[in-house]
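S.K.: Now for the letters of each chain:
There are 2 protein chains.
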Amino acid sequence: MKIVWIGAGNLATQLGEALHRAGHETLQVFSRTMASAEALAGRLGCPATDDLDAVVSGADVYIFSVKDGVLEGLVSRIAPRTGDALCLHTAGSIPMDVFRGHARRYGVLYPMQTFSKDCPVDFKEIPVFVEASAPDVFAQTEQLARSVSDRVKEMSTERRRRLHLAAVFACNFVNHCYALAADVLGRDGIPFDVMWPLIDETARKVHRLPPVEAQTGPAVRYDRNVMVRQCAMLDGEPERKALYEMMSRSIHALALRNEAERKETND
Amino acid sequence: MKIVWIGAGNLATQLGEALHRAGHETLQVFSRTMASAEALAGRLGCPATDDLDAVVSGADVYIFSVKDGVLEGLVSRIAPRTGDALCLHTAGSIPMDVFRGHARRYGVLYPMQTFSKDCPVDFKEIPVFVEASAPDVFAQTEQLARSVSDRVKEMSTERRRRLHLAAVFACNFVNHCYALAADVLGRDGIPFDVMWPLIDETARKVHRLPPVEAQTGPAVRYDRNVMVRQCAMLDGEPERKALYEMMSRSIHALALRNEAERKETND
Chain A
1 MKIVWIGAGN
11 LATQLGEALH
21 RAGHETLQVF
31 SRTMASAEAL
41 AGRLGCPATD
51 DLDAVVSGAD
61 VYIFSVKDGV
71 LEGLVSRIAP
81 RTGDALCLHT
91 AGSIPMDVFR
101 GHARRYGVLY
111 PMQTFSKDCP
121 VDFKEIPVFV
131 EASAPDVFAQ
141 TEQLARSVSD
151 RVKEMSTERR
161 RRLHLAAVFA
171 CNFVNHCYAL
181 AADVLGRDGI
191 PFDVMWPLID
201 ETARKVHRLP
211 PVEAQTGPAV
221 RYDRNVMVRQ
231 CAMLDGEPER
241 KALYEMMSRS
251 IHALALRNEA
261 ERKETND
Chain B
1 MKIVWIGAGN
11 LATQLGEALH
21 RAGHETLQVF
31 SRTMASAEAL
41 AGRLGCPATD
51 DLDAVVSGAD
61 VYIFSVKDGV
71 LEGLVSRIAP
81 RTGDALCLHT
91 AGSIPMDVFR
101 GHARRYGVLY
111 PMQTFSKDCP
121 VDFKEIPVFV
131 EASAPDVFAQ
141 TEQLARSVSD
151 RVKEMSTERR
161 RRLHLAAVFA
171 CNFVNHCYAL
181 AADVLGRDGI
191 PFDVMWPLID
201 ETARKVHRLP
211 PVEAQTGPAV
221 RYDRNVMVRQ
231 CAMLDGEPER
241 KALYEMMSRS
251 IHALALRNEA
261 ERKETND
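Residue numbers (full-length UniProt numbering), protein chains in the order written: chain A, 1 to 267; chain B, 1 to 267.
Isolated chain A, as found in the complex (with noise of 0.2 Å):
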């Protein structure tokens, strides 16, 4: 198919190459800054353009990977000129009805991972939810979605709108608290590389266990005299000591109703 990406951030990039790997062909990359726009142009070999008047015609699809605060105003200029072009977007907390009374044909084809420009990823293993304003809209959404990914499955607003929060929780949180502990140990010079292992490790843990099982450390056991002295440790840093007494009452909290919970079905 012939492509043109609106947008050029981190996920355009990626899904871009891939589309591009697979055999499609990208016309245009728009994005609203130039500099944007050439870098993936350059990596997809078509022109950039950063003129919304620009944006070609004539593209079998038009997939905006756009911060989604600008996506609406974007939409409403460009998808009233795609014709019976495919209008996608990428995002997992949008629904896909920001293109109704915008475009004909439209859908939303949501990979859901982490994507960093310089970071390959292999697309084959990423899931990808797609929905899709009408049948033969979702079979054409479905074959550009399988063309990368050999995990594609159909998924409502809705329900991907509390995909992308567990996904928020999984990555982003998940990403946020290595930060915090790359912070830790970088005042003390110990390089993060220390952390590797036991990173691997946990993340490796939940595919044998529930998280919920797989849970270790001072606050599951309840270790008053540990967390208090970390507490102690974060006494400069208000909001980080604020961020370690909640998580820690929250694991405990859900151990508890774990626990709870097994009770209950042994009973």
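Since the list gives no way to pick one copy over another, a pair counts as held whenever it fits inside one copy or between any two copies.
Derived SDA-like pairs: lysine to any residue, alpha-carbon spacing no greater than 20 Å straight-line:
no., residue 1, residue 2
1, K117, N258
2, K241, E158
3, K241, H252
4, K117, A39
5, K241, A253
6, K117, Y222
7, K2, C46
8, K117, R262
9, K117, D200
10, K153, F138
11, K67, S116
Bear in mind the hints are in silico, worked out from the structure with no lab data behind them.
Use these hints to put chain B onto chain A, whose structure you have.
M.R.: Chain B alone, transformed into the frame defined by chain A:
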């Protein structure tokens, strides 16, 4: 070396088995609950006891691996009877000096990993941090540690405490974020394994990028629309909602600080 275990939890189980495989002999396992003592003793082929007065003498090493709150009591009861044997504990947050006045030769052997009884780990890869009361004691502690791990390092009580705090962030808090994600998915009947590629990539990425650079998602983009909508999905759960808000603010604050630091470096 001949080993006596004081404690039979997750860490004792995994380290006990690793030492067993490395050819050390376990003389006995003590635990406050006989069932736990017997479970580990069964794995290590030795007697079990829940009677403090029955802890045998004549071992080369006594390894204390128990909850922080009970460690001091056990040390004061058992360590004085160990003569010239090596007394070790395995806790990140507890000072080596917990043994002072109770044991003659003592130290710490802290394997930084998350252990569950039935999740075997490759001990060779696990960073083990050691500390000891005197050079000859250090040599013996290091020798024991090196018999199971290729990544043994000396570390003081003070630095180990900070390391353990970092480990709580990078492991326990991370795992809790997985658990919260599983909870969100569970309500929609979506199996947790859909998250594996995202979880694995999130862990993989911080092998290549500092975590603060690896961050993606609504909070770091400061995509207010998405954050407000995701918060609204947590309306019925004030604690989760507060956690979501606090994590999002913390992500944004760290991103701003990182940007400011980079700018300063470039100026």
